[in-house]
Amino acid sequence: MKEKSVDILVIGAGAAGLGAAIGAAREGVNEVVLVERDDRSGGVLNQCIHNGFGLHYFREELTGPEYAERIKRIVQQYPNIDVKVEQYVHQIDYRRKEVVVASTEGITVYKPKALIVATGARERPMGGILVPGTRPSGVFTAGVAQRFVNLENRLPGRRAIIVGSGDIGLIMARRLTLEGVEVVAVVERMPYPGGLERNIRQCLKDFNIPLYLSHTVVGIYGRERLEEVVIAQLDESFKPIPGTEKRFKVDTLILSVGLIPQSTLFKDFLKIDPWTKGIVTSSSGRSSLNWIFAAGNCTVIYDLVDWVTEEGTVAGKFAAMYVKNSWEPAKFFVEKGQNVGILFPSWYEEGTNLNIYLRVKKPMEEGTIRVKQRNNLLYSKKHLNLSPSEMISIKIPESKIGSGDILVEVVE
Amino acid sequence: MKVEEMVCIMCPLGCRLVVKQEDNGEINVSGNRCPRGIEYGKQEMVEPLRILTSSVLVLNGDMPLVSVKTNKPIPRRVIMQVMDILKNTKVEAPVRVGDVIIKDVLNTGADIVATRNVERREKSSTT
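Chains as they are written, first to last, in the numbering used here: chain A, 10 to 421; chain B, 221 to 347.
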């Protein structure tokens with residue numbers, strides 16, 4: 010067993026972790042170590058071979074692997090960043106500030122001055138949606154199917170139905186179609202799609218794949234391999250309407266019903282949102298413990314990887330300031346007002362810009378987003394076509410913000 | 221006059237466009253938030269173009285596939301034909317981001333380029 014003292018340890022070398030390392034290194038700390046579970050850095054970007062990444066961060070449209078290569082190239086410019094792959098974080102002793110990591114080199118006990126959590130998200134599994142029937146093979150989450158097709162050169166099946174219209178599900182509908190798999194339908198329980206409009210257009214409509222809104226799976230049948238999936242329409246209280254069943258002969262069911270922040274390793278000592286499972290953080294990326302920061306999909310599920318990297322960079326910068334001069338300013342609550350479903354961050358720390366990311370609770374034709382601090386209106390702007398599936402980002406510069414709790418609301 | 225409502229797919233913002241084509245052929249676009257929306261709306265009315273992303277087999281690579289894209293949009297109607305070509309294409313590792321795998325695929329004027337680095341198998345993988 011080795012012991013190693015470092016300035017900053019980052020868990021996870023995906024879009025957030027690489028961004029965090031860059032932010033920390035720029036701020037001038039001595040040593041930043043990234044530990045990554047996979048055999049290469051880049052995280053889920055490696056398997057997202059479609060384009061649409063990087064428009065904000067790199068001002069250019071890139072595919073996932075290209076985006077990953079770009080950030081890795083920036084990381085390589087800093088000799089004080091050490092990216093280590095095939096590392097498994099086994100345990101964290103938050104009182105002694107020790108992180109136990111297992112790898113082929115053996116066990117290493119890291120003693121970081123600051124820790125940045127960038128563990129990303131996991132896919133919501135089948136257990137989350139109780140479906141009657143048998144339990145045959147042929148049921149995959151969209152990310153697993155994506156990994157099969159894009160990294161391992163394997164197809165999940167020949168005829169598929171996709172459950173959930175999140176972006177990964179839509180993108181997999183197109184990807185499987187291009188690879189010769191017949192995608193018979195995408196099924197969404199909500200009355201509106203879960204993914205971005207552009208993906209409805211270019212992934213479904215371009216290939217004439219039907220989208221069934223307000224429908225759900227009511228039966229999964231097959232002996233060893235999946236043979237049949239039954240869907241039905243839902244009423245307003247999300248109960249299946251008898252007589253609306255449709256049967257599809259498929260050998261594959263792809264599940265794209267959302268992501269859950271990967272926060273279980275930290276649940277005993279960090280404040281976790283009980284509803285979203287995200288690690289609760291401030292505008293600097295700081296968690297409920299002063300030496301632990303978090304960024305990316307382990308805090309809130311983002312729409313755009315650009316924002317993940319940006320918030321990673323923010324967390325890296327402030328973690329470095331904490332290491333260098335115990336930076337720990339006053340903090341205030343950022344509270345959810347009316348019609349706000351998801352809100353990031355939960356606290357505002359003085360001296361930081363306030364980057365707000367929010368999702369509305371329900372679709373709205375128009376709504377005014379307001380950010381208030383006491384009687385001071387920090388932001389007010391009318392937005393059109395608001396939908397819970399599209400995350401809104403609002404940036405308020407530090408110079409506009411005073412002290413006091415902050416309220417974010419969407420007024421219809 | 222032909223009127224179509226569509227969502228701009230040039231970027232993830234997803235502006236809702238209304239595209240009107242007059243009888244004299246003139247096309248007007250509204251609802252866009254940037255000039256790319258006008259370009260997209262006009263093009264979509266005449267000949268929808270798409271960037272195609274996929275992958276091709278790699279021989280002796282540390283991964284079995286290299287991800288690829290067309291370096292400019294190609295007509296949507298030829299996408300499945302290009303896919304057939306990609307399925308019959310193999311490249312030898314190493315491959316670097318930006319390497320041209322197929323030049324001017326199907327006379328579209330677009331090249332198929334690699335979007336990932338794939339090392340030769342005997343080397344260890346990059347970080």
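A portion of the hints provided could be inaccurate.
Said to hold, decoys possible - With a straight-line cut-off of 30 Å between C-alpha atoms, the simulated DSSO-like cross-links for lysine-lysine are:
#1 A/K120 x A/K258
#2 A/K81 x B/K323
#3 B/K307 x A/K258
#4 A/K340 x A/K258
For the record, the hints were derived by calculation from the structure and aren't laboratory data.
Structure-based check of all given hints:
1. Between A/K120 and A/K258, the direct Cα distance comes to roughly 55 Å. Violation of the 30 Å bound is thereby established for this hinted pair.
2. Between A/K81 and B/K323 the alpha-carbon distance is near 28 Å, which keeps this suggested pair within the 30 Å criterion.
3. With a CA separation close to 27 Å, the supplied pair B/K307 and A/K258 stays within the 30 Å bound.
4. Between the alpha carbons of A/K340 and A/K258 the distance comes to roughly 56 Å, so the proposed pair goes past 30 Å and is violated.
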